[in-house]
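Construct all of the structure, not just a fragment, from the sequences and the given hints.
Taken in sequence, the protein lines are chains A and B. 1 is the number of the first residue of the first sequence in our numbering; add one for each residue after it. 1 is the number of the first residue of the second sequence in our numbering; add one for each residue after it.
The hints are simulated quantities; they were obtained by calculation from the structure and are not laboratory data. Certain hints may be false.
Computed beta-carbon distance windows for the label pairs [claimed, not checked]:
| # | chain 1 | residue 1 | chain 2 | residue 2 | range |
| --- | --- | --- | --- | --- | --- |
| 1 | B | R108 | A | A120 | 45 to 55 Å |
| 2 | B | T152 | A | I236 | 17 to 27 Å |
| 3 | A | E246 | B | H66 | 31 to 41 Å |
We treat Cβ as the ideally placed atom computed from N, Cα and C, and that holds for glycine.
Below are the chains, spelled out letter by letter.
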Amino acid sequence: MRRILSLVVLIGSAASTGAFSRPPAWFAFQNGVAARQNAAEARPLFLKVAADFDGEWQSSPASRTTGIALDRGHAHFLAGNLPQAIRAFHDGLALAPYDAELQHSLAAARGTIDYPRPAAPAERVRPDPPGEWRNRVAPWDLYRVAAVCGVLVVVGLGKRLTTRPDWAVPVAVAGGLGFLVVAGCGWQMHRERLADEAKPVAVVAADGATLRTGNGDAFPPRVVEKLPRGAEVRVIGRRGGWAQVELPGGAVGWLSEASLLAAQ
Amino acid sequence: MSGTGKKNRLSLSGGRKPPEVLTAQGAYAPRSGWLSAVALLVLFSPARAQDPHPDDAPPLLQPTEHFYNALGRSVSVEWSADKTTVPAGGDIAVSLVVRGATNPHRVRKPALRDLPKFKVFEVLDAADPPAEKGAKEVRFDYVLRPRSAGVTEIPELQFNYANLAAPEGKQIRTTYAKKLPIRVTSPAPTVTAPAGPLEAPERFFHLADDYREPTEPGWPGWVGLVFAVPLGVVGWVFFWRLMNPDGVRLAKLRRNRAVARALDALRQAAKSPDPAANAAAAVRVYLIGRWGMPPDATVPTEIAEALKATDVPAERAAAAVEFFRKCDAARFAPKGDDRASLVEDARGMILNWEGAS
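This is the structure in structure tokens:
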């Protein structure tokens, strides 16, 4: 009986985390990990795994989960594709900006990039760490807080309209204030999402990309230092095969679209 | 300028008035003779130096947009490419084939660099095969390099030609080289495998534990929560009234602060070590707050005198004084009244006075 119970618990926990839905590339990844002591042997394995995870990501919207995004990023990074890894992490954060695993992996990937020293604050290429409300609060957490505030309001108003104890009004007011705070957080998160969608993230695909003042090779460079492979920029507009982008520091310039990897 | 251009030839004889020449003051001043005529021919007749080729379209038609000097009744153009798939950063060789032109050796090569649709390509120079007079077709070769992986076609090219046999005003005809789909593939990443173990932060060697699709409450959840609050309040009041039929009257009663405090104090008095004293104190506070009894009345005789000055009816005042005497007896007499019942008596008296019982 105890064995059956433990088996039921195991199956239930596995099903709750989606373990039964692990992609086939999961197993190929483990082969790559087993070969990690020999980089020459491991990298091609991870390259194939990364391609499989990319295919999984592209196959249907239902397969676009934070887990697949994380696996894509890890596989690409181990295969040596740093820009694709960073893009994969951003794809996952677009689904769930609050996901701590994706944030940590993105920070680890950024840690391997040698960002140039900016001549001016606006020319900073190193991105800011995630600090928006969307990166800290999950929508369900906000909902739970709102539900608790709703309970306080119901209890406070219910008591106030019936037996009228002294604590009824303060409780109802506390619940109402909590609702207002939740609404404010929700509004701010909505604004952050709109701002993020208006300027999507793109990743520089190779070293030596030059940020120019116009959409053509004839235009002079906007910043002296060339952008490193894996640098993240935000796309403002596109014209004639060139993308107008904004650096994390705020400087705006143009990059060839061929040098960028856009989010999928 | 019109037609073949011969009409524009200036005659040095024939009695024509000598042309005017611009002076330093900006005004035209007449000059006479050979010198002015030669100056005019040199300065103002560039067509004089380049006679139109007999196989060219008339000069009047040359400035027409997308016109490349092709003549013919029915000219067609099309793109042809050696391949339709090119890796990002690679080149694709394309040819523009013009057929049906009666002057293939005079057709000009379209400058793709100047056309807006072709800005998505970097147009590289390529040598064209020589076109012979009388050839059935002429080819113009280009090397195009897509600027991004998003380029999906070689755009349509508008090609105007002239049919000189058509009536004047309808000589310009238009044909198009249809767009040619191409595919720009991503470059294969270069896998440089250094010797030794694969170095990376340890977290990259682990896969995700959770493959569930992220969810959000969605607007129905939020709307439901907002509506649940008032419904919850209504439900609370409804069920409370259902369970407490006298609750409304009691609730009204408690709206009076003095009454509410007295009832709360009596509830506490029942649990206290000296119920009689606490019950008396509760009733005394009630009389002070509710009926305006002076606060310095503490013993039954003083209370009786004080209540005479208030609005309390005489029988009620007598009942209150009797209650205080019972409390004193319970506290100080050798064998006093049941102290617990005094709390009930006090509560009943207050409810009776407030009309709730």
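- Can you name, in rising order, the numbers of the hints this structure does not satisfy? none
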